Amino acid sequence: MDISVISQNTDLTENEASVLVYLYENGLSTAYEISKEINIPKVSVTYLLNRLLEKELVERRSEQNTFFFDARSPDKLVEKHDLRITALQKKRASLAETVKKLKQIRNYEASNKIDLYIEKSEITRLRANLIDLCEKDSCKRIFDSQLNIEKYESENAIYIFDLNEGIAMRIEPKSYFGKVNSIFSKLNSS
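Residue numbers (the UniProt record's numbering): 1 to 190.
To be clear, the hints were calculated from the coordinates, so they are not data collected in a lab.
Among these hints, one or two may not hold up.
[Unchecked claim] So the derived label-pair ranges between C-beta atoms look like this: (1) H81 / D144: 56 to 66 Å; (2) E37 / S4: 15 to 25 Å; (3) N9 / E37: 19 to 29 Å.
What you are looking at is a predicted structure, and each value in this text was computed from that prediction instead of being measured.
In this text, a Cβ means the ideal position worked out from N, Cα and C, and glycines have one as well.
Let the sequences and hints guide you as you build the complete structure.
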């Protein structure tokens, strides 16, 4: 059996793989027996066996002050691999959430902005995209029939469409809307 291939496929060192293969081939053995057979010093074999014990790939039994080691089922290698994959998936999900939050911070700091749309084709395309988002529950639509104004709230921005004037406005981030609204209120009251 090619030890280097086993090592690569199992994330074991070549020496760990050598010890494990020996145990699969020979069964219950002492560190001394393994050492003699695979030409690795007994101290190193003992260290490797302890590492394989930590990885739950071998078992240790004691009989009359002598430790015997045996390989556990090769299925344990797949279980260990699956556990690592699950842990990585959880870490990936956590990382994705962190990245999302970091992007929100960046957007808040870097893009307090108001975009004005006056081209009919731009407004039509923007409105169609927002309607699609609302159908997927990714935004909220409010319509004021008296003023003939539509307001869409997405995760990051607020969009206002004045259907009488044929203009649209995008305010990002959403928290910036209160400041903009306050300015317009002051202008209207003076």
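Okay, the hints, checked on the actual structure:
The beta-carbon spacing between H81 and D144, approximately 58 Å, falls within the hinted interval of 56 to 66 Å. Range check, E37 to S4: Cβ separation about 18 Å, and the 15 to 25 Å hint holds. The hinted window of 19 to 29 Å between N9 and E37 holds, with their beta carbons roughly 23 Å apart.
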